[in-house]
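Peer 1: The primary structure of each chain is shown beneath.
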Amino acid sequence: MATNSTFVIVKEQGWRMGFANLLCNENLELWRSHRWIKQAGLWLLAVNGFVVINLFVLPAIILPDENVSSMMDPVSEGIRALFQIGTTALAIGTITMTQGKVIGERETGITAWILSKPVSRPAYFLAKIVAHSLEIIAIMVGIQSVVAYGLISLANGEAFPLLPFLIGVGGMILHTFFYLALTLMLGVLVKTRSQVLGIAMGLFFGGMLLPNLINQLGLVTPWLLPNILPVLALQMQIPFVTAYLPILMTAIWSMVFIIVALWKLPRLEF
Amino acid sequence: MDKKNGIVIETQGLSKSYKGVEALKPLSLQVPKNSIFGFLGPNGSGKSTTIKLLLDLIHPSGGSATVFGLDTVRKSPEIRTRVGYMAQDQRFYGHMTARETLRFVAGFFYAGPKAEIEKRIDETLELVDLVGKADRPVQGFSGGERQRLGIAQAQVNYPDLLILDEPAAALDPQGRHDVLMIMERLRKHSTIFFSTHILDDVQKVSDTVAILNHGELVALAPIEELLVGSGNVVYLFTTIGDGDGIQTLLSDMSWVTDINRSGVNGRTQWQVIVDDEDAAEAQLLRSVQSGSEVTVTEFGRKKFELEEIFLEIIKESNHGNK
Numbered sequence: 134m135a136t137n138s139t140f141v142i143v144k145e146q147g148w149r150m151g152f153a154n155l156l157c158n159e160n161l162e163l164w165r166s167h168r169w170i171k172q173a174g175l176w177l178l179a180v181n182g183f184v185v186i187n188l189f190v191l192p193a194i195i196l197p198d199e200n201v202s203s204m205m206d207p208v209s210e211g212i213r214a215l216f217q218i219g220t221t222a223l224a225i226g227t228i229t230m231t232q233g234k235v236i237g238e239r240e241t242g243i244t245a246w247i248l249s250k251p252v253s254r255p256a257y258f259l260a261k262i263v264a265h266s267l268e269i270i271a272i273m274v275g276i277q278s279v280v281a282y283g284l285i286s287l288a289n290g291e292a293f294p295l296l297p298f299l300i301g302v303g304g305m306i307l308h309t310f311f312y313l314a315l316t317l318m319l320g321v322l323v324k325t326r327s328q329v330l331g332i333a334m335g336l337f338f339g340g341m342l343l344p345n346l347i348n349q350l351g352l353v354t355p356w357l358l359p360n361i362l363p364v365l366a367l368q369m370q371i372p373f374v375t376a377y378l379p380i381l382m383t384a385i386w387s388m389v390f391i392i393v394a395l396w397k398l399p400r401l402e403f
Numbered sequence: 054m055d056k057k058n059g060i061v062i063e064t065q066g067l068s069k070s071y072k073g074v075e076a077l078k079p080l081s082l083q084v085p086k087n088s089i090f091g092f093l094g095p096n097g098s099g100k101s102t103t104i105k106l107l108l109d110l111i112h113p114s115g116g117s118a119t120v121f122g123l124d125t126v127r128k129s130p131e132i133r134t135r136v137g138y139m140a141q142d143q144r145f146y147g148h149m150t151a152r153e154t155l156r157f158v159a160g161f162f163y164a165g166p167k168a169e170i171e172k173r174i175d176e177t178l179e180l181v182d183l184v185g186k187a188d189r190p191v192q193g194f195s196g197g198e199r200q201r202l203g204i205a206q207a208q209v210n211y212p213d214l215l216i217l218d219e220p221a222a223a224l225d226p227q228g229r230h231d232v233l234m235i236m237e238r239l240r241k242h243s244t245i246f247f248s249t250h251i252l253d254d255v256q257k258v259s260d261t262v263a264i265l266n267h268g269e270l271v272a273l274a275p276i277e278e279l280l281v282g283s284g285n286v287v288y289l290f291t292t293i294g295d296g297d298g299i300q301t302l303l304s305d306m307s308w309v310t311d312i313n314r315s316g317v318n319g320r321t322q323w324q325v326i327v328d329d330e331d332a333a334e335a336q337l338l339r340s341v342q343s344g345s346e347v348t349v350t351e352f353g354r355k356k357f358e359l360e361e362i363f364l365e366i367i368k369e370s371n372h373g374n375k
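Chains as they are written, first to last, in this note's numbering: chain S, 134 to 403; chain D, 54 to 375.
Just so you know, these hints were derived from the structure itself, not from any lab. Heads up, a few of these hints could be off.
Result set (DSS-like, lysine-lysine): computed pairs, CA atoms no more than 30 Å apart in a straight line [unchecked claim]:
id : chain 1 : residue 1 : chain 2 : residue 2
1  : S       : Lys397    : D       : Lys186
2  : D       : Lys257    : D       : Lys186
3  : D       : Lys128    : D       : Lys368
4  : S       : Lys234    : D       : Lys78
5  : S       : Lys144    : S       : Lys234
6  : S       : Lys397    : D       : Lys72
7  : D       : Lys86     : D       : Lys128
8  : D       : Lys128    : S       : Lys397
9  : S       : Lys234    : S       : Lys324
10 : D       : Lys186    : D       : Lys128
11 : D       : Lys172    : S       : Lys144
12 : D       : Lys128    : S       : Lys234
13 : S       : Lys171    : S       : Lys234
14 : S       : Lys144    : D       : Lys72
15 : S       : Lys234    : D       : Lys86
16 : S       : Lys397    : S       : Lys324
17 : S       : Lys234    : S       : Lys397
18 : S       : Lys324    : D       : Lys128
19 : D       : Lys167    : D       : Lys128
20 : D       : Lys257    : D       : Lys355
21 : S       : Lys324    : D       : Lys241
22 : D       : Lys72     : S       : Lys324
23 : D       : Lys355    : S       : Lys144
24 : D       : Lys172    : D       : Lys241
Label pairs and their calculated CB-CB ranges [to be verified]:
id : chain 1 : residue 1 : chain 2 : residue 2 : range
25 : D       : Ser81     : S       : Glu402    : 20 to 30 Å
26 : D       : Ser81     : S       : Lys397    : 52 to 62 Å
27 : D       : Ser117    : S       : Asn345    : 48 to 58 Å
28 : D       : Lys167    : S       : Glu402    : 53 to 63 Å
Bear in mind that the values here come from a model prediction, so they are computed numbers and not experimental data. Even glycine gets a Cβ: it sits at the ideal position worked out from N, Cα and C.
Using the sequences plus the hints, can you model the full thing?
Peer 2: In structure tokens form, the structure reads like this:
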């Protein structure tokens, strides 16, 4: 039996205890299992499928009626498809995919197992947030945006202006991250998977209705971002506060969710 | 480690309540270094609660505990660098193989060298006889295989303290035997604190036994002491010849509280209960042999099976609680 003296001992301290190993494990699960290929393919269909339809299919099948064609600028519609339908789809996808990431492990006892190792509770949560954020940035938004940018530029006949497009992409990442942070936080706060799913979906679909009833809600939540992002990407006129306050508030809410989860986790019992 | 007295685990009035219901009543115990400490009790007696408190998976309602002299609430991550734990009904990531699971766990303790880590994993797989299944996903494992993997992952870091919650519960007799053998082998390196409701296992490997019932510590003693029995001491002996004289002789002794005799094939088997162990040790055999009409063929103090002791203690405890 080799003794422990032959090993390089992990020296992490404080909240970082176990973080690197947990992050590595979360990433391995995604990248080595080829789940990322399936994910990328799925989102390619779900997001860029709509972009293709709006850029190339609809203009080809709609009769050359003057009124209709003036309304249906393919590039604008492609941008709308990406930032409106795509953002909405990514939010629903994020909630669905991550709803069991914390609560599922709590229910099966895997969290207790992991926390019986030299792991800090913040590290357990932060590893999940970081790993899934990378997944969002790289696969769910990154690849889709690159493909969509190419398609939109093709339809545009020249490169679409990059900066406004990137602002839209940033907003899309933030919007998706909001629902990631919300879902993972709910996994810490509530006790069943159905509660996580119900509350997260309830907030998402409620967000489609509530700003129509109380206009100001749209300014302090991410709920209007799917409408705002195409406007920003197309460089259309929009009041600064109406455009950027929801983006700022989405970032703030996301941070609040993480802080709440980090506060609650050490108080949980497993 | 608390170097002063070689105590690995110490609890002082450690308790846990859920909404006013006491899952663990104030518990004070000490677990010495390199011992195998059997934590015994019926289901729901508070064994797992105690273990989870030691690992800070749940928070105490009262009292305190130290492991290696470190407070279990304030210094838990540091403590866990030296602990291996296997939960009751241990679950793993189903998509991982046994080898990957051990690699994942080893990653919490060791940053390298990679070859040494792989060697340790191979040794551990061999120890629990999972070499043949090392590269299969854990989701296909039987209960017994999961149990063995549980033990493997708990000791992959050669912990100073191994905490096993019902390590043999899901195993067949051969599997149980193997687990007990593994525990015996590990005691050279580790202190083992294990909970079980399988009395036979405790009797086979434990040095010290604590018995919990309804969240209360009802017995705590070295196994040998516990097996002698609680309260009155019982002597068993066999004689050949007329035993009436012995009966009269024993009846006159103030420290003899009960005498039972039964005859088979000219032999008389005696069960004598005494309340003064020292007097009995000094006088009983001599007195019996002094009866000229009898020959003593066997003489000894009754050793109880742990099951008898356990049932008696639990019965007394339940009676006391009513």
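Peer 1: Hints the structure violates: just list their numbers, smallest first.
Peer 2: 1, 3, 4, 10, 14, 15, 21, 23, 26, 28
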